[in-house]
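Chemist: With the hints as your guide, set chain V onto chain L.
Spelled out, the chains give:
Number of protein chains: 2
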Amino acid sequence: MQKRSLGDQPCPVARTLDVIGEWWTLVIVRDAFRGARRFEDFRAVGIADNILSARLKKLVAEGVFERRRYQEHPERFEYVLTEKGRDLLMVLGALGLWGQRWTRGPDTTSITHEECGHRVSLRAWCDECARPIDLSEIRMPRMIQPSVPAAG
Amino acid sequence: MQKRSLGDQPCPVARTLDVIGEWWTLVIVRDAFRGARRFEDFRAVGIADNILSARLKKLVAEGVFERRRYQEHPERFEYVLTEKGRDLLMVLGALGLWGQRWTRGPDTTSITHEECGHRVSLRAWCDECARPIDLSEIRMPRMIQPSVPAAG
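In order, the protein sequence lines correspond to chains L and V.
Counting from 3, one number per residue, gives the positions in the first sequence under the numbering used here.
Counting from 3, one number per residue, gives the positions in the second sequence under the numbering used here.
Next comes chain L alone, as it looks inside the complex (with noise of 0.2 Å):
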């Protein structure tokens, strides 16, 4: 299937789904913040090489990953989160609480405070007020207005 970008959409979600929207570069991510760096690493979760091989070519391509070379002879190379990708963190971690609350099975991958050791979880939060606020506070422009029944 032939997939129609996103990202010349006026709207940051969709230009961001264009980056990382594909089936498995998510994981890719996650693995790389779980420690991954190779690509038989990266292999370990299931992915098949092909797909792997074109995932990790498009993140670096969009600088969410850095190739560096570690071997020479053959040369080796390794896939490091940038600053650009180490900020999908909060990403991961949206994903991750809803996984918990909506999905059922095993967790492996809980994030935790350090000083304290509980679980980490998000909130919205305003700058300006310098406090969490609850999502009963947000106002989201509606974009779409809801289409009138046609008639008949």
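Bear in mind the hints are in silico, worked out from the structure with no lab data behind them.
You may find that some hints are simply not true.
For identical chains, the list gives no copy identity; a pair is met inside one copy or between any two copies.
Result set (EDC-like, lysine to aspartate or glutamate): computed pairs, CA atoms no more than 20 Å apart in a straight line [claimed, not checked]:
{"id": "1", "residue 1": "K86", "residue 2": "D136"}
{"id": "2", "residue 1": "K86", "residue 2": "E139"}
{"id": "3", "residue 1": "K60", "residue 2": "D89"}
{"id": "4", "residue 1": "K59", "residue 2": "E130"}
{"id": "5", "residue 1": "K60", "residue 2": "E42"}
{"id": "6", "residue 1": "K60", "residue 2": "E117"}
{"id": "7", "residue 1": "K59", "residue 2": "E117"}
{"id": "8", "residue 1": "K60", "residue 2": "E74"}
{"id": "9", "residue 1": "K60", "residue 2": "D109"}
{"id": "10", "residue 1": "K59", "residue 2": "E77"}
{"id": "11", "residue 1": "K86", "residue 2": "D20"}
{"id": "12", "residue 1": "K60", "residue 2": "E24"}
{"id": "13", "residue 1": "K60", "residue 2": "D10"}
{"id": "14", "residue 1": "K60", "residue 2": "D136"}
{"id": "15", "residue 1": "K86", "residue 2": "E42"}
{"id": "16", "residue 1": "K59", "residue 2": "E139"}
{"id": "17", "residue 1": "K60", "residue 2": "D43"}
{"id": "18", "residue 1": "K86", "residue 2": "E64"}
{"id": "19", "residue 1": "K86", "residue 2": "E68"}
Modeler: Just chain V now, with coordinates in the frame of chain L:
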């Protein structure tokens, strides 16, 4: 391309991606937050009808949307986010914030704090310590040991 399921992985990130990780799915969910309810609302973004049908069907089966009949002759349905679906707002927020920082283009979807009108961000938060925490205070389990370089 046949997609391998991520639903049986011992990781809530992977299981979440199994539910909402297909191309277009989060764009559909985003549009629901912006007011889309009906098939013609969702297709406005440019998604092909057959893909939209398949995505909505899966999201209803997963309990992200509830399908409600709004007209009898002919029967027509609209798609309303459930609590499970509304809980994806954090995921969309994280994607949007990353896109604001790391992609270029207009942003017509800013989420603001109703009370003060300023933009909402996301912070990692420790419930135990009742305070926002920096990424440097987070501990993540290192599941994958980097491979030892192959001899030769």
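Chemist: Checking each numbered hint in turn, tell me which of them this model violates, lowest number first.
Modeler: Checked against the structure, the hints that fail are numbers 4, 6, 7, 8, 9, 14, 15, 16, while the rest are satisfied.
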